[in-house]
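Chemist: For the record, the sequence lines run as chains Z and X.
Residues 1 to 153 in this note's numbering are what the first sequence spells out, letter by letter.
Residues 154 to 517 in this note's numbering are what the second sequence spells out, letter by letter.
It should be emphasised that the hints constitute simulated quantities derived from the structure, not laboratory data.
Honestly, I wouldn't trust all of these hints.
[To be verified] Cross-link-like lysine-lysine pairs, in silico, BS3-like; alpha carbons within 27 Å at most: (1) X:Lys201 - Z:Lys90; (2) Z:Lys84 - X:Lys444; (3) Z:Lys86 - X:Lys236.
These numbers come from a predicted model, not from an experiment.
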Amino acid sequence: MADYNIPAELMEALKGKFSGIEIMENGDVIVPAADLMAFMTEIKENPDTAMDFLTNLTASDYKDRLETVYNLVSITHGYTLTVKVKLEDKENPQVPSLCPLWDGASWQERETYDLMGIVFTGYPGHPTRILLDDNFKGHPLRKDYQWEGGREA
Amino acid sequence: MKTETYTLNLGPQHPSTHGVFRIILELDGETVVKATPVPGYLHRGIEKLAEARTYTQVIPYTDRMDYMAAMLMNWGYVAAVEKLMDIEVPERAEYVRVIVGELSRIASHMIATGAYGGDIGALTAFTYTFRDREYVLDLLEMVSGSRMTFSYFRIGGVAADLPEEFFPAVRKFLGELPAMCDEYDGLITGNEIFQARTKQVGIITPEMGINYSLSGPTLRGSGVNYDLRKVRPYGIYDRFDFDVPLGQNGDCFDRFRIRIDEMRQCKRIIEQALDQIPEGPIMAKVPKVIKPPVGDAYAEVESSKGVYGCYVVSDGSPKPYRVHFRRPSYINLGYLGKLCEGWKIADVIAILGSIDIVLGEVDC
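Taking the hints into account, I'd like the entire structure generated from these sequences.
Modeler: Right under this line is the structure:
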């Protein structure tokens with residue numbers, strides 16, 4: 001497998017600029033929700049990294065937190081980067097919307113809100129459901145969501 | 154003079170929407186002021202269902218996303234699980250995957266090409282591409298026993314080896330493929346009315362394409378050279394010599410045209426794979442019960458519609474803790490609303506068709 005990670009010295013520089021971020025062994029970056037917008041703006045606008053393509057945006061529900069996951073690509077340099085934000089407040093999870101940076105975030109954020117119940121803030125038209133009916137109660141991808149039927153039920 | 158806009162509901166049951174999909178159009182005369190796409194009619198909650206299945210049992214669900222290219226849907230999912238478990242797929246299985254994957258891409262592009270002709274009003278085109286797609290489905294049926302929902306990929310390889318009779322049959326098909334493509338080009342691409350309806354319509358600039366996370370022919374039609382098989386080759390794609398067809402204007406015509414060119418490139422890839430394919434096992438040594446280590450993995454493949462990704466989280470149990478599919482049709486469709494603004498009603502059909510969506514994948 002070829003390596004598409006951002007070079008270590010660039011990651012060091014990022015760590016210098018954003019002291020709150022945590023770089024995992026596999027290259028994933030964990031960013032505090034408060035720093036997300038500034039961090040994403042930096043890696044997108046800085047020509048050294050130029051992460052111009054938001055390829056995937058999703059979220060996962062863990063016991064102690066919700067976690068949003070962003071997969072970014074630099075079409076210019078060929079780098080890939082996974083950014084995660086941990087949201088400890090499961091009752092009222094909020095994270096800044098990335099729509100001001102990438103319009104491609106819009107539908108993916110709406111899907112994540114719809115199914116996982118994470119509120120993306122700071123963008124008109126958010127939060128709105130997209131796949132489920134507007135009157136639907138709950139967010140089905142949450143682990144505590146009670147669903148009827150299924151083969152085992 | 155007093156004028157006012159009015160609202161027109163397109164779909165959800167309308168042949169041009171290629172499934173159950175609705176667009177609310179706000180119109181000024183015939184001109185679109187605002188278009189609001191409404192997806193979700195086919196949402197089955199596959200991601201939720203996957204959490205109650207074993208890793209292997211998820212594979213048939215992936216068939217039911219982009220059922221026009223189900224092999225490629227299988228591929229993205231197993232690639233993510235293999236990445237999570239650090240499984241090395243045997244050589245022969247990699248070649249088999251390329252061969253069936255590219256055949257699936259041809260089948261999908263044939264549908265896109267013919268159906269687009271139908272959208273524009275050239276319904277005859279539909280019959281030609283569907284006739285030829287049958288040959289591809291025959292080949293894939295030979296391999297997997299199924300014509301549409303193959304479930305042929307396994308975590309660590311593929312379900313069965315290619316049968317003897319497959320090889321002469323696929324060579325024969327590939328021999329005829331250029332003539333088929335020439336026929337589509339002669340019948341549709343070169344058609345004056347078709348060109349008038351699609352050239353300089355629904356233009357996507359490269360910048361907007363990247364900004365809206367578009368991928369596949371929809372992005373490459375705008376001249377952005379982003380094909381995962383080239384830029385981040387997965388499997389064994391770095392061993393093949395092929396070109397990535399690109400458009401110049403980013404209009405409906407370019408998006409349509411490069412699909413036919415891609416079919417010709419698929420032929421090159423499959424032929425090289427058939428020449429190079431080694432003997433050997435088709436499955437890696439994987440445990441009977443798939444239990445990936447705790448962690449997550451994200452893998453992407455280039456499907457016929459664009460970048461198809463799969464994010465898998467494992468908690469160490471035999472069932473996936475979380476599965477997410479990055480479906481290219483869904484994300485490409487996210488730009489439709491903006492793209493339609495300022496065009497006429499008839500152009501909306503041309504634009505939607507040129508993006509080539511499959512609702513099974515959009516709604517997931």
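Chemist: Hint by hint, note whether the structure agrees.
Modeler: Here is what the structure says about each hint:
no., hint, verdict
1, X:Lys201 - Z:Lys90, "19 Å, holds"
2, Z:Lys84 - X:Lys444, "24 Å, holds"
3, Z:Lys86 - X:Lys236, "23 Å, holds"
In summary, this structure violates none of the numbered hints.
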